[in-house]
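Chains as they are written, first to last, in the numbering used here: chain E, 1 to 95; chain H, 1 to 490; chain G, 1 to 508.
A portion of the hints provided could be inaccurate.
Said to hold, decoys possible - Straight-line distance between alpha carbons at most 25 Å, and here's what the computed SDA-like set of lysine to any residue pairs gives:
1. H/LYS419 / H/PHE143
2. G/LYS100 / H/PHE143
3. E/LYS24 / H/GLU354
4. G/LYS491 / G/GLY461
5. H/LYS419 / E/ALA32
To be verified - Short, incomplete list of chain G residues facing chain H, as computed with Cβ under 8 Å:
6. PRO70
7. GLY71
8. LEU73
9. PRO74
10. MET76
11. LYS113
12. ASN114
13. PHE302
14. PRO305
15. MET308
16. PRO309
For the record, the hints were derived by calculation from the structure and aren't laboratory data.
The beta carbon of each residue, even a glycine, is placed where N, CA and C say it ideally should be.
Residues per chain are reported as follows:
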Amino acid sequence: MNSSELDLDALARLARLALTPEEKATFQRQLADLLQHIERLSQVDVTGVEPSAHAHPLQNVWQEDEPQPGLPPAEALRNAPARRDQMIAVPKVVE
Amino acid sequence: MTTSTTPLYYLSLAEAAAALSSGRISSAELTDAVIARAEAVEPQLHALLSADPAAARAQAQASDARRAAGKSLGPLDGIPIGLKDVIAVRDQPLTAGSRMLANFISPYDATVTRRLREAGAVLYGRHNCDEFAMGSSTENSAFHPTGNPWDLERVPGGSSGGSAAALAAGEALATLGSDTGGSIRQPAALCGVVGLKPTYGRVSRYGLVAYASSLDQIGPFGRTVEDVALVLQAIAGHDERDSTSLRAKTEDFGAELRGPAIPRRLGLPREYFGEGLDPEVAAAVEQAVSYYRGLGCEVRPVSLPHTPYCLDTYYVLATAEASSNLSRYDGIRYGHRCAEPRDLNDLYSRSRAEGFGAEVKRRIILGTYVLSSGYYDAYYLRAQKVRTLVRRDFLQAFADVDALLTPTSPIPAFRRGEKADPLAMYLCDIYTIGANLAGLPAMSVPCGFTRAGLPVGFQLLGQPLGEAQLLALGHAYDREHQWGRRHPNL
Amino acid sequence: MSTSGAAGILISDLGPAVSSPVPPAVSYEAVIGLEVHVQIRTRSKIFTRVAAGYGHEPNTLTDPVVLALPGALPVMNRAALDAIIKAGLLLGCEIAPVCKWDRKNYFYPDSPKNYQISQFDAPVCRGGTVEIELPGSARNVMGEHKRIPLTRIHLEEDVGKLNHGAAESLVDYNRAGTPLMEIVSDPALHSGDEAYAYLTSLRATMIQGGISDCDMEKGQLRCDANISLRPAGSTTLGTKVELKNLNSISFVRDGIEHEIRRQRAILERGGRISQETRDYDGMSGTSQSLRSKEEAHDYRYFPDPDLMPVVIDAAWCERLRAECPELPFDRQRRFLADHQLPYTQTSVLVWDQPLADYFEAAVRLGAAPQAAGNWIINDLRRELAAAGSTPAECRLSPAHLVALLRLVDSGVLLNAAAKEVFVEMFATGDSAEVIADRRGLRAAPTDTAELDGWCRDAIAGNPKAAAEFRSGKDSALNALKGPVMKAAKGKANPKAVDETLRRLLAAV
Ligand SMILES: [Mg+2]
Ligand SMILES: [Zn+2]
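One chain only, chain E, in its complex shape (with noise of 0.2 Å):
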């Protein structure tokens, strides 16, 4: 892994992280290490191997729809940074 491969502004834009240029560099540089480190799956052989996406396969986990109750609104809203009308406030969203 090449550490200019790893482009690290778009991905800290995807994870919503504002990173500092030493924070940045930092990580360039911790991170080509890791992914050097990394790049070692690539000797294993996985031909026809099913990939685990569990560490035990179980299936058709449900529950029946019958509902029960769930937080009263000042318990809901009790952690959150602002709030208005019952509703949690953030900048306004221009979609």
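Since chain E is already given, all that's left is putting chains H and G with the ligands on it; use the hints.
Relative to the frame of chain E, chains H and G with the ligands by itself:
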């Protein structure tokens, strides 16, 4: 090991349960002793992030009242138990060691919290950890590092370092941690206590702040294997709020310990005894192996050929899942929100930049990268396939042996700041990650000390849902050696 | 702002001018694909058990899972799976034997986790079709039928709702986590009318299948349209524009027609269509660009580690197939073939399942289909509309109607009287007999000699009609009935008139 002079806060859970049951002590006394001990050691140790002594005392009194009325809820009733601060406790702070959640109060209980309450436990203390459970030293906490009770200049391991250190220092009689790549077992080894990561799905994750969902598992720390079995008994079992929860019957883990038979065939994976293993650690583990030989166990070498790829597989899968799991920390509904955001994206980007520490950011970026378009197949999908191979290695080994025995950590506790390079830190987990990838139960049992007085642990790995066997095997050694009953000079 | 030409296109809609010479006139074909989101009617949310609902106080339908609090985990609601499998069976889709859940990662304040749980490469349904009927040449003529192929249907969770204020937006998470089906058509539609017909048919199918109420005002059915133009005969697709916020079926049709005109105007000027998302304002009939495709998303889909795959076996499908109603157009074809209903009546009944059920119940009880159809389509619908009521709530049962028809048929009730009885039956739920007696509406018993006389007069006065009838033209009898009824001042029993005329005509 216990004498009449053993302070209450250093009793084993089983001893305390017996003392409570016989009426020799009350939960109020026990809880007061633990609270006083915490107040005494915290200024040096820093294992706690928050604690609510008043709530704990009220629970202790309620326990004593229950017992007086002949309505004891079992061995945990009245026992002070602490939780890693990634487990939700209703109306208490839940920070995950992050500035992001510095002011967050949980409006609900995790399933394990509810089960501990139902068992009558006194919930005391929420323990420091690496931020969002990402780390192996508890240095990544946004609030403060935690010392190792055996040497305050050294780390307690991580990410559940606070829970291991708190137990070793007498700030609880048992604690709960979480383990994604070794975060219970490695600090257990470094602090000289027992730590169990149960089979994935054995203990509900509902209410556990997610790091990497397919690897995370809650488990107990105890001073003895028996204590760990008692706590597991209370928290294990199917939970309909967790889709990955197994519908396994929950054995009586405590009774299994006293059963006559222990597994006889032990495997030593050769890949776990190679380069990078500290000779003193190797020697202590070798003594444990000899003990089992002496018990009549057949010990044979086995191979887990994909071991060299476990670390890489782990870092791809864990960071990918983490990048998505941690998206919810956005400063909108809860958590840190930056001052005067210009617009929505500014709010997201600055709140997250200010709220997260370096290790979290690094893993989010890496996880974002391995999932991003064009790289998914090469990294994420490939890692999922290697995971299949890793699991297959273990299941094949279990065709020939009942359990595997390895060192828990390649090295004993290291000095704070010693592993500044992320990769060097990640290598601390090489022996523990396999169990998470394969979803196996694994336990670290203390097996001695280095010349410098630092604890060493060995790891036992069992088959899926093989906790009872694993505990019986660990207990056979632990009952004779009781390394976890030694106490630091603190 | 000035408008250009007859199409009513704003100049600003036309995109940048291009200096190349105007190409020779080509005719363009529009290619349209629809993405329809349908909320599934369940009692609780898709991944947690707090109630689902519309119109509640803000943030009263939340819990740790809905709010994505630290530590909360999703568990699937089986009813949502049942609903999508049923939808797939109704539309003839292939039901996947195994499906799974994926995370679609993107940041937005209405999305509490900043990822949406959805299905990426293993949706529940693939293929299938929506049968549509295009407008006929006249209201009473059946139009062309087509089957629009579907690409897929998958299940996902709905997001919360943003309320935009002057300086800030306010988020209500009540809607977040409502089960949602995304129904994706192939790019196989060609006009606003086809899109209108598609949505009408899809909506009726979902409602009749009990899957959703599909109330567009409540956001229970939402539609985005992907529209591109290509020279007629070409097989490659042109650059597509995504049209959003089409919040009624008429606006979908109008928005698509507007977009087709806009693109055609650009192409005819030699311009190029830019790939973008546009917002159509149904009130003003204009659209504006929301965003261009340069800010392409990278959703980083991956399997959700918190949820397990779903295995759908044949028994599960068969259990749901047994609950599937007949499709609207299949029922219409049956009403045309088996009951010889006029097309206009069937085209009312096809969209109105309760009314069609009412009709079938009446026929089962012995009603003549055409007479029952008339009463139901005209009288019952009028009374229901006036009362704001439904056939299920209505006190006038199919059995009441059948009894009324019998009285009419046997000449006990004349038409005008029957109408009165009907209205009162609807209001009171009393039987036709009781009302007819109470109100004295039974037709007077006819004096045979008097009737014979009127009939003889009518035959004598209309020799042409009489001759035609005798030579085999049955309908000529009607020309004779008029004068009889007139002489009887409307009080004669039509059945008796009919019989008497036939007897007298046959006798001579
Ligand atoms: Mg879509
Ligand atoms: Zn969708």
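A quick look at each hint next to the structure:
1. H/LYS419 / H/PHE143: 19 Å, holds
2. G/LYS100 / H/PHE143: Violated, at roughly 39 Å.
3. E/LYS24 / H/GLU354: 15 Å, holds
4. G/LYS491 / G/GLY461: 21 Å, holds
5. H/LYS419 / E/ALA32: This hinted pair holds, its Cα atoms lying about 18 Å apart.
6. PRO70: 4 Å, holds
7. GLY71: 4 Å, holds
8. LEU73: Interface hint status for G/LEU73: holds (5 Å vs cutoff 8 Å).
9. PRO74: G/PRO74 check passes; min Cβ-Cβ to chain H is 7 Å, inside 8 Å.
10. MET76: 7 Å, holds
11. LYS113: With Cβ-Cβ at 5 Å, under 8 Å, it holds.
12. ASN114: 4 Å, holds
13. PHE302: Status holds, d = 6 Å.
14. PRO305: Result: holds, 4 Å to nearest chain H Cβ.
15. MET308: 5 Å, holds
16. PRO309: 10 Å, violated
Violated hints for the displayed structure, listed by number in ascending order: 2 and 16.
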